[in-house]
Structures are given as C-alpha cells and as structure tokens.
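Visitor: The residues making up each chain are set out below.
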Amino acid sequence: MGSLNTLRQLIRDLRSQRLRTFLTTFGIVWGTIAVSLLLAFGEGLHHQMIKNAAGLGNGLVIAWPSSTSIPFEGMGRGREVHLDESDMLLLKQRSREIDALSSEYREWLILQQGSKRLSVDVSGVHPSYGEMRNVIPRAGGRFINPIDQRLKRRVAFLGNELAETLFGASDPVGQIIRIHASPFTIIGVMQPKIQQSSYSGRDKEKVIIPATTMQMLAGQKYLENFIFTARDIGRTQQASDEVLTILAEKHRFDSQDEEALMLWDTSEQAQFLNTFMFAFRLFVGIVGILTLVVGGIGVSNIMNVVVEERTREIGIKMALGAKPGSVLRQFMLETLVITGVGGLLGLGIAFGICSAVPALGFTDVIGVPTVSSVVAGTTALLLGLIGLVAGFFPARSAAAMDPVVAMKT
Amino acid sequence: MSEGAFKLRAPVPTGDKVIRMEGIRKVYDTGKIQVEALKGVDLQVCAGEFIALVGPSGSGKSTLMNLIGCLDTPTSGTYELRGESVAGMDKEQLATIRNRRVGFVFQSFNLLPQISAFENVELPLLFGGLSTRARRERATELLERVGLADRMEHKPTELSGGQMQRVAIARAVAMEPDILLADEPTGNLDSASGQDIMSLFTDLWTQGRTIIVITHDSALAKRADRQIEIHDGNIH
Chain A
168 MGSLNTLRQL
178 IRDLRSQRLR
188 TFLTTFGIVW
198 GTIAVSLLLA
208 FGEGLHHQMI
218 KNAAGLGNGL
228 VIAWPSSTSI
238 PFEGMGRGRE
248 VHLDESDMLL
258 LKQRSREIDA
268 LSSEYREWLI
278 LQQGSKRLSV
288 DVSGVHPSYG
298 EMRNVIPRAG
308 GRFINPIDQR
318 LKRRVAFLGN
328 ELAETLFGAS
338 DPVGQIIRIH
348 ASPFTIIGVM
358 QPKIQQSSYS
368 GRDKEKVIIP
378 ATTMQMLAGQ
388 KYLENFIFTA
398 RDIGRTQQAS
408 DEVLTILAEK
418 HRFDSQDEEA
428 LMLWDTSEQA
438 QFLNTFMFAF
448 RLFVGIVGIL
458 TLVVGGIGVS
468 NIMNVVVEER
478 TREIGIKMAL
488 GAKPGSVLRQ
498 FMLETLVITG
508 VGGLLGLGIA
518 FGICSAVPAL
528 GFTDVIGVPT
538 VSSVVAGTTA
548 LLLGLIGLVA
558 GFFPARSAAA
568 MDPVVAMKT
Chain B
1003 MSEGAFKLRA
1013 PVPTGDKVIR
1023 MEGIRKVYDT
1033 GKIQVEALKG
1043 VDLQVCAGEF
1053 IALVGPSGSG
1063 KSTLMNLIGC
1073 LDTPTSGTYE
1083 LRGESVAGMD
1093 KEQLATIRNR
1103 RVGFVFQSFN
1113 LLPQISAFEN
1123 VELPLLFGGL
1133 STRARRERAT
1143 ELLERVGLAD
1153 RMEHKPTELS
1163 GGQMQRVAIA
1173 RAVAMEPDIL
1183 LADEPTGNLD
1193 SASGQDIMSL
1203 FTDLWTQGRT
1213 IIVITHDSAL
1223 AKRADRQIEI
1233 HDGNIH
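Line by line, the protein sequences give chains A and B. Those letters in the first sequence? Residues 168 to 576, by our numbering. Those letters in the second sequence? Residues 1003 to 1238, by our numbering.
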C-alpha cells in the first residue's frame, strides 16, 4: 500500500471517528498543558525569588560596629567600637578576601524642593556601593563617582519612589534640591528594583550622596556601618573572619566577640534559598510526574476503549484482505498523529497562557512563567509513548486474532 | 447488468477445480475442552458452480466456510485453492488470498458504520493497491451494478437492510474473486429484500462466478445447482 493511500486512510479514519479523535487529542492536550504550565510557573517563581533575593545585593555582608560583650586584655565589656575611614583603608590594604568595600553614613535630614519639605533618609556612601547593592541608575543618570567623592561634590542620587514624590513624571536629573539647607544637584535616579529585605529602609525612598560630602554636611566622624563583598562569592565566611581579625587587632576586642562588630552575611540567605529552591523544584517535579501519569492513564484508557471498539473494524478489514502489518502500522500512525497534534496544541496553549500572564500584573510575586521547550517536548513525547504503548499492545492482539473472532466482538 | 470492462484477472475457466479439500479437520481448543467442528471433510468445487451449504446450526457450516475463505486455517488436511496449497501460508499471504481470491458476504453485513457505501466498496480495492482513479471507477461501477448509484455517499446506517447487503455484495466482488462466499446472506432481511438479494446472486452466477452460500432459506437453496449437507462436522 502506498504511503499516499495510508495517509488518505488515516485522514478518513480520523474524520469518521470525530468523538474518539477529539477525546484522545483532548487527553493529550490537557496533560501537556498541565505539566508544562506547572513547570513553567515553578520556573518563573524560581527566577523571581532569585531576583527578589538579589535586591539587597549578591553575596553581600553588612557590618555594624557596636559595643564589646567579652572582656578583653583587661578591659571590661560594653566598650563602644567606633570605626572611621582609616579602618576602611586598613581593610583595603590588609584583606585578601574582600572584593569591594564601602562605608555608609546615615542621617535623617530635611529635604526641600520648591515648596515641598520633607524628612528623608540620607546615606553617604562610596562609588562602589552602587554595584554592590544593585543600586543602578536609570537611563540618563549616573551613580556617585570617585571625582564626586574626592571633590566632596554636592550631588545626590535619588530612590525612584522619592523622585516620583518630588518631581512626578518629569526628569529630576540636573534639578537642584536642598538637603540640610545646602543645594544639591541630582545626578541620577535609581532603576526600579525588587527589594524584599533591607537593613535600613528601602533604597527607593532614599537619597544617596558621597560619603565625603555627608561627613562635611552633617559632621560625622564615625561611620554607621560598612558593606563588603567577597572576592569569591562562596567565601563570604572567610572574608568576614578576616575583617573581624583585622579590626579586632586594631580596636583591641576579642575576635570571637559577636557584638563588637555585628555581621550579616546575606549569602547565608541565598544558601537557604538554594536549598529551598531545590526542595521546591523536587516538589514541582514530583507533582509534574504524577500529573503525567494521570494524563497517561487517561490517554491509555481512551486507547483501550478505542481498540475494543475497533477490534471489529480490524476484523472486517482483515477479512477484506488488509494485512495485519499494515493494520498495525495504520493504528500506530494514527496514535502518533493524535499525540503529535495534541502535544503541539497543548504546548501552544501553554505558551499562550504564559505570555498572557505578565499582562495580568502579578509578575512581582509569581514571576514570568516560562515554558521550557525541553519540558514540554518531553511531556508530549512521554504522553505519546504512553498512548502508543497503550494503543500498540491491544492493536497487536487484535491484528493477531483470527478475523472471524475479531469481527464477532 | 453487463460485465464491466474492468478486469483484474482472467476468470477461471468453467469446469476447472477451484477448491480441492481433503481430510479437513478443525478442532477448537478452548483450553478445557476440545471441540471437533469438522471431522475430515472432503470437498471439490468446480468453477462456475453454485453451491448451497445446508445443515442445522452447530453442524460446522460456518467453520467450513471460514476455512474456504482463508479466514481460518484447518487443524489438519489439505486445501488447494485453484491449484495452490493454502496450508503453511503466513498471515500476510492469507490476507492477500482473502483480498484477491475470495469475496465474503455476511449475514450481519459487516460494513464499517462510519464510512459511506462508496468507501466501504473501496476498501478491498485500497488493500489491493489500486490507484485512486481505478478505485473510484471500479467502486462507482460496482455500486451502479447493484442499483445503488444514488446511495453511494450514504452511510450504512442510512440504508435499508437490503441496500446494506447489496453494498456488501458489491464489496465482495470488487476484486473479481475466484469464489464468492455468503453466510446466510438473507438471514437478516425481510422476504422482499431477500428475493432481491437472491436474484442478485443468481445474476452473478449466470455471469460465470463460483458461489457458495450457507442458507436456511430453502428457496435460495433450490436455486443452487448443488446442495451440500453438513451434519455434525461431516459432509453427507
């Protein structure tokens, strides 16, 4: 039998059995949609959580000088530790583990812009702060640079929400505002980011100015806190230990003292997140496999019913001279076409749903679901395989029957 | 009705042996019990004969018919169909025999319900590997010959019993078989339709076909030129 005839017969069979074709295709479409969507949303959520966690910065450690809790070299506990720029310099010179470092001076100051007057959280920082904390300027602006720092320029970088409060939709870059009664030129506005953890309020509500300017403006000698990143993202613990050792030696406190210099290693959270995500993906994977099994059972049920219904048809065809081999081939081809079409359709619908989701606007929470074509392809293939196996064995037994017996069923 | 110009193969010359069966036994093994449906049947049929197979139900008529039509294989004995031994053929070869050498007409029509009368008649032609055009011409001609030119696109469920059986007969002779086998072809029909079908068989016979009919209908049996009686798995 020519392949054209086979195709013709296939189209005829599919057309003549609309309900059966529909049900089988539907089963596969449904299974494919369910599994691909499940995994797509899982993947989207995963990426979103990683993105959210990065709001504070990647592999960042935050350090606050406080007061000693362990007596050391004859001095009692409760002695305050004060750090200034010389300590930062010392760390830069002696540390082997630190990649970037920035001190931070903070003060609530009065900001004036036209008739608006409000109290804002002002941070004085170094140029490296921006990259470490994922504070990135929107197009048309810039972050504080080393020249600002050296010249103690009165320049300000605004959080995006504060910029909106002050200037609405218009571009604040180049505008002059007054901070603590001094005029400041706005040099940039932060690109919106998702920040779900913080140690001093949200970056979007802040004003950032050079640390040197801040010291001059508010007369601060000692820094509020400093932040650093490790050269190797997996070695934040070693970097923290090193910082403690260097500063403990200079300021004469016990390097085991957990309060003299308080450290928050945010990568610990990232490690927790990794563990959590692994568990989450495992869970999604298991649910996906179960869904696939359920879908497969559905498809194989339909195929079983179909074969029973078709045993008679196979018997008649064989009585008329159809060869068992070609009957079987026909049947498998039919299953392949149905699963192929069903798989593609399911994939298409899953893609459609996923691309419609961002328009609904909760991407901040659930992320952007992305259908992995590998996952979807595997799903369709597995369902097809289940359908084929479920269809193949009964069809083979039908084709192996005597036509007389098959016709009587 | 005239023989169409379309010939698949030269017909068997009248008088030649079409079927030669010797010592045919058929045992059905149901696992627990063995049923001997045929107990050594010898049968010879010449080309152009019209044979009626008669006998009570359970006598082995249908079993014999299925063996003749290669729907089933005998447990023992020899069977030559137009000089060719059928024993030892595999399923694919038997399928070819069914497609080209024998045509079946069943009591319950056995038409595929989902496709049209035309497509039903086309099926054996499709399995026989005929081109689309040849199939269309042949199926149209056959349905015209059985008087269903205006019913070609109807599904079996939209046809009467007599019409369905005519479709089945058109389908059975589509590949110009050596023998036309019919198992109670009028069993499910009212007497008028039955008459109709009987005349169709007579027509086919007068055109030179070899016909074997199982029937309880004495009127149909009388039209045959030979009656073979089966009792308890033996021919009398």
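Hints are supplied without guarantee of correctness; some may be wrong.
Derived SDA-like pairs (lysine to any residue); straight-line CA-CA distance at most 25 angstroms [said to hold, decoys possible]:
| no. | chain 1 | residue 1 | chain 2 | residue 2 |
| --- | --- | --- | --- | --- |
| 1 | B | 1157 | A | 184 |
| 2 | B | 1041 | A | 175 |
| 3 | A | 575 | B | 1164 |
| 4 | A | 575 | B | 1116 |
| 5 | A | 575 | B | 1238 |
| 6 | B | 1093 | A | 373 |
| 7 | A | 575 | B | 1099 |
| 8 | B | 1157 | A | 175 |
| 9 | A | 575 | B | 1035 |
| 10 | A | 373 | A | 273 |
| 11 | B | 1034 | A | 373 |
| 12 | A | 575 | B | 1152 |
| 13 | A | 575 | B | 1093 |
| 14 | B | 1093 | A | 259 |
| 15 | A | 283 | A | 305 |
| 16 | A | 259 | A | 413 |
Not close to chain A: a few residues of chain B, all C-beta gaps over 12 angstroms, as computed [as the list claims (entries may be wrong)]:
| no. | residue |
| --- | --- |
| 17 | 1041 |
| 18 | 1046 |
| 19 | 1082 |
| 20 | 1084 |
| 21 | 1092 |
| 22 | 1093 |
| 23 | 1103 |
| 24 | 1176 |
| 25 | 1201 |
| 26 | 1220 |
In silico contact screen, one side only, chain B against chain A (beta carbon under 10 angstroms); selected entries [unchecked claim]:
| no. | residue |
| --- | --- |
| 27 | 1035 |
| 28 | 1075 |
| 29 | 1126 |
By construction, these hints were calculated from the structure, which means they are not laboratory data. Think of the CB as a built atom: it goes at the ideal place given N, C-alpha and C, for glycine as much as any other residue.
Visitor: Run every hint past the structure and note whether it holds.
Guide: Structure-based check of each hint:
no.	hint	in the structure
1	B/1157 - A/184	13 angstroms, holds
2	B/1041 - A/175	45 angstroms, violated
3	A/575 - B/1164	21 angstroms, holds
4	A/575 - B/1116	18 angstroms, holds
5	A/575 - B/1238	29 angstroms, violated
6	B/1093 - A/373	85 angstroms, violated
7	A/575 - B/1099	21 angstroms, holds
8	B/1157 - A/175	18 angstroms, holds
9	A/575 - B/1035	21 angstroms, holds
10	A/373 - A/273	10 angstroms, holds
11	B/1034 - A/373	91 angstroms, violated
12	A/575 - B/1152	31 angstroms, violated
13	A/575 - B/1093	19 angstroms, holds
14	B/1093 - A/259	87 angstroms, violated
15	A/283 - A/305	24 angstroms, holds
16	A/259 - A/413	11 angstroms, holds
17	1041	20 angstroms, holds
18	1046	24 angstroms, holds
19	1082	20 angstroms, holds
20	1084	16 angstroms, holds
21	1092	9 angstroms, violated
22	1093	5 angstroms, violated
23	1103	9 angstroms, violated
24	1176	9 angstroms, violated
25	1201	24 angstroms, holds
26	1220	26 angstroms, holds
27	1035	17 angstroms, violated
28	1075	8 angstroms, holds
29	1126	5 angstroms, holds
Against the hints set out earlier in the document, violations occur for numbers 2, 5, 6, 11, 12, 14, 21, 22, 23, 24, 27.
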